[in-house]
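**Q** Listed here are the chains, written in short residue letters.
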Amino acid sequence: MAEDEKNKNPEIVGFACSYCTFKASEMAGSLRMKYPEGVKLIQVPCSSRVDPAFVIKAIVEGADGVFVAGCHPGDCHFIKGNYYTRRKIAALKEMFNIFSMKEKLRLFWVSAAEARRFVEKVTDMYNDIKEKKNEG
Amino acid sequence: MKGKKIRNGDIENALNKFLKDEHHLVLGFKKGTDGIHHQVFKGGVDNYSLINHVFGTNGALYLRRIFSKGIEVLLMMRPCEIRAYVELHKLTQIEREDIIAISIDCPGTVSSKESKNNMPAEIDQLKGYFSSNNSMRWACSVCREKRGVVGDGGIRFDKTGNLWIIPYTEKGERIISIIEGELEEIPHEMLIDRSKETEKFQVDMETFNKDFEKCIMCMNCRDMCPVCYCLDCVFNGDEYLPKGDALLNKVFRTGSTTMPRGKDLFHLIRMYHVSQTCVGCGACEEACPQGIPLTKYFKGVSERLQGLFSYMSGRSFDEPIPYITFLEDELKEAED
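Read top to bottom, the protein sequences are chains A and B. Here our numbering is used: position 119 in the first sequence is 245, and no number is missing along the way. Here our numbering is used: position 320 in the second sequence is 335, and no number is missing along the way.
Here chain A stands alone, though its shape is the one from the complex (with noise of 0.2 Å):
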């Protein structure tokens, strides 16, 4: 039983921009609201220090989603790192697109002040990609 709950639960692993996203999931630990535990956060001293292939490596290894996190364009604490993110994480999506599994991989902006969005978000991808686990 034990097993199989663990087999339909996804597991996502979600880079957290240490100065916005990651203090976001911070302050909903601190407001006591809650997010699916198969989120797994990592922090990055910034969304651009994500590198395509730490995503492609964690899809490939084993996690159901990924998700990369940052400031809102414009926000960055080094000014511009999120807009190669944007750049970057946009061309990867296409590419998981053209390999049909474009549902895996979300970026999404939340500053250190957005935890019930922060919370919102993750458990939405959460909420889909267990769905579509769940169905297949």
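If you are wondering where the hints come from, they were derived from the structure by calculation, not from laboratory data. Be a bit skeptical, because a hint or two may be false.
[Unchecked claim] Simulated coverage check for chain A against chain B, where a stretch passes if three residues somewhere in it have a Cβ under 8 Å from a Cβ of chain B:
(1) 179–185
(2) 196–209
(3) 214–226
(4) 229–236
Even for Gly, the Cβ is constructed at its ideal location relative to N, Cα and C.
Assemble chain B onto chain A, guided by the hints.
**A** Here is chain B on its own, set in the frame of chain A:
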């Protein structure tokens, strides 16, 4: 656009004149006893061949890390090779100052693995030869740019069998001034036409896994790729590949049990890394000992990813590679 008409023997004479200076080199093709190969000419040219109908390697491979101070190198190569050179220049692997790149119209090539007997050597006959049978490499049959319109200058063939040399930059003009004759208006119609648009590439992971079943992870495709240049590739050694517990984890989570492990990872990551710079020359497929249809994937993926930014690899020196630049207001649809 203006260019010079070339008479028979003009090119060899011009190259010999250029090579009189002992600090000058020419990288071009030489007729050997068995086919035509890349050759560095010094001092003068012998058995020189303008076009090469056999694809072995992409010549831009030999240009990496050229920072030639004071030595002038003239490249006389196919458009795909010149385009790879342009990309390597943008990636700061080559300094452009002392290199003059002339691209030559390409009628298409056959694989170096195929038999090359009874193939004609002249370009107009070659074009007829390729249209009469399907011996052309797949990469060439879907080539995006067979015309010599990239680099510092181009050599084009017109429909009546004349050759034209056309300058695109000041450096090209300098080379063309070696050739005798006056600049004339070039004809509008050329032998090699603009390439046709190909269908958008779309595939799924099952087909991908089936196609790459035979891969033995020799990494020849990486080593022979002209634009895959990292000195310290993440796949040197096995640090990036799933091993030990991570491998067991992968087996249980994804159900994938094929070996050598990590070949899907290797090809997908490489596909992304060269996506904006891939020129679709098919050198990877040429180097593959297992005959995997690599060009189909690499070219298909790179074309769609370049299309996203209306970019074409090697088209011009001035367009920056999309991943190292950005616009503030773009790609709104990429965010969720």
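**Q** State whether the coverage of the segment 229–236 of chain A by chain B holds or is violated, taking the criterion as 3 or more residues with Cβ-Cβ distances under 8 Å.
**A** holds (count 4)
**Q** Establish whether the coverage given for the segment 214–226 of chain A by chain B is satisfied; the threshold is a Cβ-Cβ distance below 8 Å, and no fewer than three residues must meet it.
**A** Our answer is that it holds, as 11 residues pass the Cβ test (under 8 Å) against chain B, meeting three.
**Q** Quick check: the segment 179–185 of chain A, covered by chain B? Criterion 3+ residues, Cβ under 8 Å.
**A** This one holds; 3 residues, not fewer than the three required, reach chain B with a Cβ under 8 Å.
**Q** Taking beta carbons only, do three or more residues of the segment 196–209 of chain A come closer than 8 Å to chain B?
**A** holds (count 4)
Of the hints listed earlier, there is not a single one the structure fails to meet.
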